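Student: Now for the letters of each chain:
There are 2 protein chains.
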Amino acid sequence: MSKVIIVTGAANSIGRTTCRQLMQAGHTVYVSSREMSGPIARGIEEAGSNPGQPGPDLRTIEFDVSSESSVTSAVETIIAENSRLDVVVHNARQVVYGPAETFTPEQLAELYDTNVLIAQRLNRAALPQLRKQGQGLLIWITSSSARGSSVPFLGACASTEAALDSLALSYAGELARWGVETTIIVPSALGPGHYVRSGRPQDTVRAEEYADGPTADVSEIALAGLARLSPKDTCPQDVASTVANVVNMPFGQRPLKVHFGPDDDGAAAVDAVADRARTELFRRIGLEDLLKPVLIR
Amino acid sequence: MSKVIIVTGAANSIGRTTCRQLMQAGHTVYVSSREMSGPIARGIEEAGSNPGQPGPDLRTIEFDVSSESSVTSAVETIIAENSRLDVVVHNARQVVYGPAETFTPEQLAELYDTNVLIAQRLNRAALPQLRKQGQGLLIWITSSSARGSSVPFLGACASTEAALDSLALSYAGELARWGVETTIIVPSALGPGHYVRSGRPQDTVRAEEYADGPTADVSEIALAGLARLSPKDTCPQDVASTVANVVNMPFGQRPLKVHFGPDDDGAAAVDAVADRARTELFRRIGLEDLLKPVLIR
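Keeping their order, the protein sequence lines are chains S and L. So the first sequence is residues 1 to 297, counted in this note's numbering. So the second sequence is residues 1001 to 1297, counted in this note's numbering.
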């Protein structure tokens, strides 16, 4: 069945590929128009116009992810146009690279805003409708750095991913009885792209101290080590296909977490233990039912 | 040897008890004067004036934890007065309770500021000196909710603790070659105090929906379950004694993490797997030496 879906972070490679896949599967996909500058929009729409495929249904909508009222009014428009909203895909992401000490508090606050608060704004805009429907799906695209070992100089980023992963899990339990499902999709953070295409610290003086001091060769060793270990980034296509598969699954069968690629940073191993602990704790405090969402109408 | 120590969050029970213990052990302890209103200061200082104990050496210093320049100038004063700074204790903490959806983005940003950015400001003020000395110690007092299963309605808080824990671990590796050690102290988040003495969501309308809807009994069931499971909060005295013990340990012998109490939310079990994964990853990328700090002068 065709679903109404809103996606954040549509301008990054995972976001673009995900929008394309969801359109090809016949869904109605909404993205922020601010992210849809010419080449990006064309890249997404071209894929939908293949003969034999369902026609593209990518709809841009004006909203500013940094404003709660703007996000809320965009979601109201989507609901007015479709009488429903089925799926929210949290994919907005900023990546930075550098020693933790070299990021100003303002930079960390901005990173937290992009990687966590955009999701909070969209959740607060969308969830009243999803709860009213008694059915809905939140898909969170996070990163193995949320639970895996963070390699040096990716700590600022890993820290916000850990916050997002934790928040997603809390939402999962709190929304289960409202009929809202959760899937957290976890690509590996260890590909070289995380280093090359990323923001840099504002405090360049401090960054020089790390580059000249006893840590001078850390970045080079880490990069070489990671290149041996994880020569490729997670393929955006794999993430996109998983999103599309999860969207198409029947209610109640969607997995809480999906990991990708080799478990080099141990995220999948850590999550396996964490998931058992969560199940056990919820059982012991008498809230085992929150582990599985139920339809309420 | 007497050490020069700065402590944040001195006004909360763990902070007060920690300051007292560190003073009794003969250290010079600095706290923000904004936190030292009459009763709190007396509560800390009284303990130092026992006969036979070293005299109290609690020094208040004017700084605003929300301003990087204010924190920096406070640290400059401490260094001017003592010619050194040995230990930073990150203990500032705000706890909130309520469904994740009921917290405004502004509330989450404020929570992140208290629970994460205060530590970032203090680190940026203190670390140039600690790195220059080639020796220093960061103690992070976090919470088992950082890695353990978060019970319903503690998610907003758990999310910032996860961010702090992740950041602390990244700093640990990045500072090892600068002679700066890290100990992360993890009290259980499951005592009843976390629920009773905590901030509430700003969006009370949304909170009512959770209190009236299918989640109406979740808080009551969770509280009763936790009361059976974890009838007491972590004793601040235990945390304070651990801080004092860690401060007094010789360089190189301090543990990276210390957990307290029963592992009801699985934080210790999750951390055990995470620590093994971190060791293994650092070994494989050729940076195993970052797992243990070394003195550089």
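No wet-lab data here; the hints were simulated from the structure. No experiment lies behind these values; they were computed from the predicted model shown. You may find that some hints are simply not true.
[Stated by the list, open to error] Per the computed footprint, the stretches of chain S lying under chain L, defined by three or more beta-carbons under 8 Å from a beta-carbon of chain L, are:
#1 2 to 11
#2 14 to 28
#3 123 to 132
#4 147 to 153
#5 208 to 217
#6 233 to 242
[Unchecked claim] Counterexamples of contact, computed for chain L against chain S with all Cβ distances above 10 Å:
#7 E1076
#8 V1151
#9 P1214
Here a beta-carbon is modelled for each residue, glycine too, at the ideal position from N, C-alpha and C.
Student: All the hints need checking, so say for each whether the structure fits it.
Tutor: Hints and how they fare:
Coverage of a stretch by a chain is defined here by at least three residues with a beta carbon nearer than 8 Å to that chain's beta carbons; for the segment 2 to 11 of chain S and chain L the count is 0, and the condition is violated. Only when three residues or more bring their CB closer than 8 Å to a CB of chain L does the claim for the segment 14 to 28 of chain S stand; here the count is 0, and the claim is violated. Counting residues of the segment 123 to 132 of chain S whose CB falls under 8 Å from any CB of chain L gives 5; the rule of at least 3 is met. With 7 residues having a beta carbon nearer than 8 Å to a beta carbon of chain L, the segment 147 to 153 of chain S meets the requirement of three or more and the stated coverage holds.
With 5 residues carrying a beta carbon less than 8 Å from a beta carbon of chain L, the segment 208 to 217 of chain S meets the three-residue requirement, and the given coverage holds. Check result for the segment 233 to 242 of chain S against chain L: violated, 0 residues qualifying (beta carbon to beta carbon below 8 Å, three or more required). Its beta-carbon lying about 16 Å from the closest one in chain S, L:E1076 satisfies the requirement of being farther than 10 Å from that chain. Distance check for L:V1151 against chain S: the nearest CB is about 7 Å away, which does not clear 10 Å, and the non-interface claim fails.
At the 10 Å boundary, the C-beta of L:P1214 falls inside the reach of chain S, the nearest C-beta of that chain being 4 Å off.
When the structure is compared with the earlier hints, violations turn up for hints 1, 2, 6, 8 and 9 and for no others.
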